[in-house]
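> Start from the sequences and build out the full structure, keeping to the hints where you can.
For the sequence shown, the numbering used here puts the final residue at 461, and the numbers step up evenly by one.
There are no misleading hints in this set.
Quick list of the computed label-pair ranges, beta carbon to beta carbon:
(1) A437 <-> V341: 47 to 57 Å
(2) T325 <-> S297: 14 to 24 Å
(3) I395 <-> G359: 24 to 34 Å
Think about it this way: if two alpha-carbon atoms lie no more than 25 Å apart in a straight line, the pair counts; the simulated DMTMM-like pairs of lysine to aspartate or glutamate are:
(4) K428 <-> E442
(5) K305 <-> E378
(6) K305 <-> E374
(7) K305 <-> D330
(8) K305 <-> D363
(9) K305 <-> D338
(10) K305 <-> D316
(11) K305 <-> E324
(12) K428 <-> D405
(13) K305 <-> E361
(14) K428 <-> D407
(15) K428 <-> D410
(16) K305 <-> E350
(17) K305 <-> D328
(18) K305 <-> D375
What the hints contain is simulated information worked out from the structure, not anything from laboratory work.
A virtual CB, placed ideally from N, CA and C, is assigned to each residue, including glycine.
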Amino acid sequence: MTRTALSPAERFAAKTTPGPIPSGLDTPCLLWPETSLDRDGYGRFWVDGRVVPAHRWSVEQHRGPIPAGLELDHTCSVRRCVAEDHLEAVDHRTNVLRSTGPSAINARRTRCVHDHDLTDPANVHVAYPPSHPNGMRKCRVCARTRARRTREQQLAPAAPITTRTPERTAA
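In structure tokens, the structure reads:
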């Protein structure tokens, strides 16, 4: 019995299963099998003697190469999805800000924890600590309040030293 080899496109199509239709999109997700995912939840596809991300392979087959400096954003927010129309080539910043990670959540905030306006540039300081090389927003009102409390504690008169034995109290 002769076995004919399937083309990569046929193998790819055989692995996908239709999923739900995400809100805001017209077509269902094409889900990659859970047994072929990498540790981050993206599909892996073996083609031409190497493993490639399944969603990238899908886009490259339908639209051609992904431009340098761009990455694919899942508009459906499903990492297993390989539907070509659910994937958009965007820069890294756009991809991160569209996500649900901490950076994206903080970037969408319009008020600080003390309800101060973070949309007013006069009220926001952008700090660049080593942990956030692209900057992180800080509320100026909260920073002034923290600094004032620290100064008040530093300038407060020192409490007298009391001893436990009454005969040794300072005169």
